[in-house]
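Working from the sequences, and respecting the hints, build out all of it.
Number of protein chains: 2
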Amino acid sequence: MNSERMKERLDALIQLGRHNELRGAMMMLNEVDIAEYMAELKKEHLLMVFRILPKDISADVFAYLDDEKKQELIELIGDGEIRALIDDMFLDDAVDFLEEMPASVVRRILQSTDEHTRNLINQFLRYPENSAGSIMTIEYCEFHQGITARQALDNLKRTGIDKETIYTLYIIDQSRRLCGTLALRRLIMAPDDALVETIMDTTVISVKTLDDQETVADTVRKYDLLTIPVVDNEERLVGIITADDVMDVIEEENTEDFEKMAALLPSDDEYLKTSAFQLAKNRMPWLIVLMLSAILTGAIITHFEGLLAGAVGLTAFIPMLMGTGGNCGAQASTLVIRGLALGEVQFKDTLKVLWREFHVGLMVGLALAGLTFLRLMFLSQSGLTVSLVVSISLYCTVVFSKAIGCTLPLFAKRINLDPALMASPLITTLVDICSLLIFFMIASQWML
Amino acid sequence: MNSERMKERLDALIQLGRHNELRGAMMMLNEVDIAEYMAELKKEHLLMVFRILPKDISADVFAYLDDEKKQELIELIGDGEIRALIDDMFLDDAVDFLEEMPASVVRRILQSTDEHTRNLINQFLRYPENSAGSIMTIEYCEFHQGITARQALDNLKRTGIDKETIYTLYIIDQSRRLCGTLALRRLIMAPDDALVETIMDTTVISVKTLDDQETVADTVRKYDLLTIPVVDNEERLVGIITADDVMDVIEEENTEDFEKMAALLPSDDEYLKTSAFQLAKNRMPWLIVLMLSAILTGAIITHFEGLLAGAVGLTAFIPMLMGTGGNCGAQASTLVIRGLALGEVQFKDTLKVLWREFHVGLMVGLALAGLTFLRLMFLSQSGLTVSLVVSISLYCTVVFSKAIGCTLPLFAKRINLDPALMASPLITTLVDICSLLIFFMIASQWML
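Line order of the protein sequences matches chains A and B.
Position 271 of the first sequence, counting from 1, maps to 271 under the working numbering, and the rest follow consecutively.
Position 163 of the second sequence, counting from 1, maps to 163 under the working numbering, and the rest follow consecutively.
These are computed hints drawn from the structure, not numbers from a lab.
Hints may contain errors.
What the hints assert, rightly or not - The calculated lysine-lysine pairs, modelled on DSS-like cross-linking and capped at a C-alpha distance of 27 angstroms, are:
1. B/Lys273 / A/Lys348
2. B/Lys7 / A/Lys352
3. A/Lys55 / A/Lys69
Unchecked claim - For each label pair, taking beta carbons as the anchor points, the in silico distance ranges come out as:
4. A/Arg108 / B/Phe378: 51 to 59 angstroms
5. A/Glu234 / B/Gln123: 50 to 58 angstroms
6. B/Asp11 / A/Glu234: 29 to 37 angstroms
7. B/Thr385 / A/Leu374: 48 to 56 angstroms
8. A/Thr215 / B/Asn20: 30 to 38 angstroms
9. B/Gln145 / A/Glu234: 33 to 41 angstroms
10. A/Arg118 / B/Lys348: 57 to 65 angstroms
11. A/Leu296 / B/His303: 51 to 59 angstroms
12. A/Gln278 / B/Met377: 27 to 35 angstroms
13. A/Asp248 / B/Glu115: 15 to 23 angstroms
14. A/Thr198 / B/Asp248: 30 to 38 angstroms
15. A/Glu234 / B/Glu115: 49 to 57 angstroms
16. B/His303 / A/Glu305: 15 to 23 angstroms
Every residue gets a Cβ at the ideal spot worked out from N, C-alpha and C, and that includes glycine.
What follows is the structure in C-alpha cells.
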C-alpha cells in the first residue's frame, strides 16, 4: 500500500470534516496502519478519529498505539469509554498497557472497570516481569473432556468470538488440570458423536506461569507451535501465549543480548524514546569497569618501560596486536554465545569447543602471522628480529584469544550468569592483557 | 517431561525387541522429541525405529532430523519408501531438506517421486535463497469468491487434512488473484448461505515471491500475523508462510547480525557442525582487513616516536584510551544497528541521533574523564600536566567515538549496505586512529 498517498487522503477527509467517508476509508486499513497514522495526528484530531472508528476496531487500534498516545487518549476520553475500551481489549494487551502507564492513570482506569476485570488485571500485574504469566492471555477456549465433538463445536460458535485463538482448544479434567489439546481442524473433521477425549492430543507441551519468557520462546521455537498453554504448579490451565507475542519476546531477548555484548545495560525502551540521560546511565557502569581494568595494561607497559625506552619502535605494534587479539576473541565468543542462546552448544561441549577453537586459532594465526612477517620483513624492512618477535607474538595472541573467547561464555553459563555478559568488551580487556604480556615477554627474550 | 528416563525406557524396549510397545511409547511423544531421540541412535536401530513409526508421524519426525541423519536414512531405505516420505512431507520441508543434500542424493530422491511433485520441487528449488518463495509452502486452502460459507466448510472438511494451516483461508478471483482472506473462526460463525466474498477481510497483507525473508519477518511481526500469503508479480496467490518458519527466519537474521557485528562472514550451519577449516575461513577476511588497517595506527605512533621517546610514560595510557573509545563507539553503533533492524530508527533520524549521541558523549565523557583525572592526580600522582592531557584526550575520544559509532551504520543503510557490517571491529579501528591522533596532538601541545 502506498502509505504517503493514503495519509494524504485521510488528512483531506479530516480537514473537510467528512466523517462517514473517513470511517469508511479507515475500515479499509489494517489496525496497525491506522495506529501508525494516528500516531502523527494532533490532539484535537486524535480523539475525533478514535471516536469515529467502529467499536470492535478501536480497541485493537488502541493496543497498537505507542504509550505516549495511549496516555494522551486516556486523558481525553470519559470513564464510560475507558471501561468499554478495556473490556474490548484482550486481557494481555490491557495488562501490557497498564504496566507502562503512570500510577495515577492506572488508578483511574481500574476505577472505571468492573470488579471482575479489575481482579483479573490485578492478578496479572502480580506476575513477575518477563515471566510466562506476565505475557499470557486468558482468551482461550477450554472444554471438559467428557463432551462430544458436536457439543464442542456448538459451544465454540457461541463463545469463540472473543477468544484470541480458537484453533487450538484446551481440554481439562474435573480439577481443571490440562489433559490434552485439540486442533480445531481435527474437531471439524471428527464425527459429531466422538468424545473430545478420544480425539485430543495428549502429548501436551506447556510452560509454567513463573517460567522465564526466554524458556517460553525456546519451547515454542523447538516444537514449532502457534500457541502454548500456561499451567500453574498444580498443572491447572491458567492461560495461553500466542506466536505473535513469542516473536516479540524473541526480538526482545535478542536486543538484550546485543546490548549486553556491547557493554550496555539492557533498556526497555526504543532508542529514540530513551532520554540522553538514561542512555548515558545505561552505558556508564561497564565503561567505568572496563576503563579501570585498563589500569592493568597500563601497569604492564610501565613495567616494561625500560624495554620500550630502548626500542620505541615496538610501541607501534601494540595497537595491531591488541586489536587483532580482541577481534579474534570476539569472533569466538560471539559464536559460542549465539550457539548457547539457540541451544546448539552446551556446557558439556566445552572440551569439544576448546579443541575446535584451538585448531581454528592455529590456522588463522598462521595466516595472520605469516602475512605480518612478510610485510615487516620485505615491505617495511623492519629486520629479522623485530619481524619474528612481532609475528610470533601475533601467532600466540590469536591462539590465546580464541581459547579465552570460547571458554568464558561457557563458564558463565555453568555458573548461571548470562553468557552475553562475557562478550567482546570484557574479553577484549582480558585479551589486551595477555597480548601485551606475550609481546613483552617474547621481545625481552630476544631483544635485550 | 523427564527426557533421560524417557530415553532409557525407549532404549530398553529396543534392546528387548518389543516393537509394538515401542511404537506405543513413541506415539506418546512429540515429533520433535522423537527426532531428538533418533539423532543419537546407531545406524541399525535408526532404520528399525523409523519403520516402526506410524506413516503420518514418520514424515514429520523426518523433517526434524538433522541433515546428517536424514542422509543416513535416505541411504538406508528403498525408492518406494522415499516416494511415500516425500509425498507425506509438507512441500517446504521437502525443499529445505533437498537443498541441504548432496547432488547424488537429490537425484535419487527426485527419480523416486512422481512427475507432479518433481515439477513442484524443481520450481521451488529455483527461488533464490532467502527469498519468500524459498520458504513458502503450498499446503494452504484457497476458495473462489463466489461460493457460500457452507460450501467452503464442506470443501474444507474434504481437503483440509493435508494443509499446513486451515485457520486462514485465501479467497481468489477468476484469474487466481488474491482478493481477500477469511479467518476460519469467521467462517464457522457465519450463516450457511453467506457468500465468502461478503464475509472475507479485504485488507490483505501479503509479500512477493522475490521479497527477502527479512521483509517477510518484518511484515509478519509488524502486523502480528500467524500466516502471510505470498503472491507473484501479477498478484496471483502462489503460497503462504507460517509463523513457525518466520520465527526461524528471525533467529537466522539475528544470528547473521551477531556474526557480522563480530567481523565474521555469516555461516549457514550450527557452530558444532561447521568444520574448523570452514570456521577459520569465515573469520579470516575481516581479520586481515582490520589487521592491515592497524598499519595506520602503527604509522601514527611511529610519527610521534620523538614525543614518546621523551615521555615513555605516555605509552601506558594508549590501551586505556583506545579501549574506552572502542567500547563507547560499539555501544552507540549497536543501539543504532539494532534500532535500524527493528525499524525504530531511520536514515532521516540521522541528525536527531547525532545530537542525542553528542549529549550522551558529553555526559559519559565528563564522568570517565573526571574519574581518570582524580585517579591520576591523587592516586598515581602523575602530575597536573599528564593528568590533564590524559583526561582531556579521554573526554574528546569519548565524544568522537559516540559520534562515529552512531553515524556509520546510518550511512551504511543509506547506501544500501548492511548496517551490521559497520559494527564494533570496524568502528574500533577508526576510533583507535582518532583517539591516538587526539592524544598525541594534545600531548605535543602541552608537553613539548
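The hints, checked one at a time:
For the given pair, B/Lys273 sits about 16 angstroms from A/Lys348 by alpha-carbon distance, which is consistent with the 27 angstroms threshold. Between B/Lys7 and A/Lys352 the alpha-carbon distance is near 24 angstroms, which keeps this suggested pair within the 27 angstroms criterion. With a C-alpha separation of about 18 angstroms, the suggested pair A/Lys55 and A/Lys69 falls inside the 27 angstroms cut-off, and the hint holds. In this structure, A/Arg108 and B/Phe378 meet the distance hint of 51 to 59 angstroms, their C-beta atoms being roughly 53 angstroms apart.
Range check, A/Glu234 to B/Gln123: Cβ separation about 52 angstroms, and the 50 to 58 angstroms hint holds. Here the CB-CB span from B/Asp11 to A/Glu234 is close to 32 angstroms, well matched to the stated 29 to 37 angstroms. With their beta carbons about 42 angstroms apart, B/Thr385 and A/Leu374 fall outside the hinted range of 48 to 56 angstroms. Take A/Thr215 and B/Asn20: their Cβ atoms lie about 35 angstroms apart, and the range 30 to 38 angstroms holds.
At about 49 angstroms, the CB distance of B/Gln145 to A/Glu234 disagrees with the hint of 33 to 41 angstroms. Between A/Arg118 and B/Lys348 the beta carbons are some 43 angstroms apart, a value that contradicts the proposed interval 57 to 65 angstroms. Restraint check, A/Leu296 to B/His303: a C-beta distance of roughly 27 angstroms breaks the suggested window 51 to 59 angstroms. Evaluation of the 27 to 35 angstroms hint for A/Gln278 and B/Met377 yields a pass: the beta carbon distance comes to about 30 angstroms.
Distance hint for A/Asp248 and B/Glu115: a CB-CB separation of about 44 angstroms, inconsistent with the stated range 15 to 23 angstroms. Between A/Thr198 and B/Asp248 the C-beta distance comes to about 34 angstroms, which sits within the given range of 30 to 38 angstroms. A/Glu234 and B/Glu115 have their C-beta atoms about 56 angstroms apart, which keeps the hinted 49 to 57 angstroms range intact. The hinted range of 15 to 23 angstroms is satisfied by B/His303 and A/Glu305, whose Cβ atoms lie roughly 21 angstroms apart.
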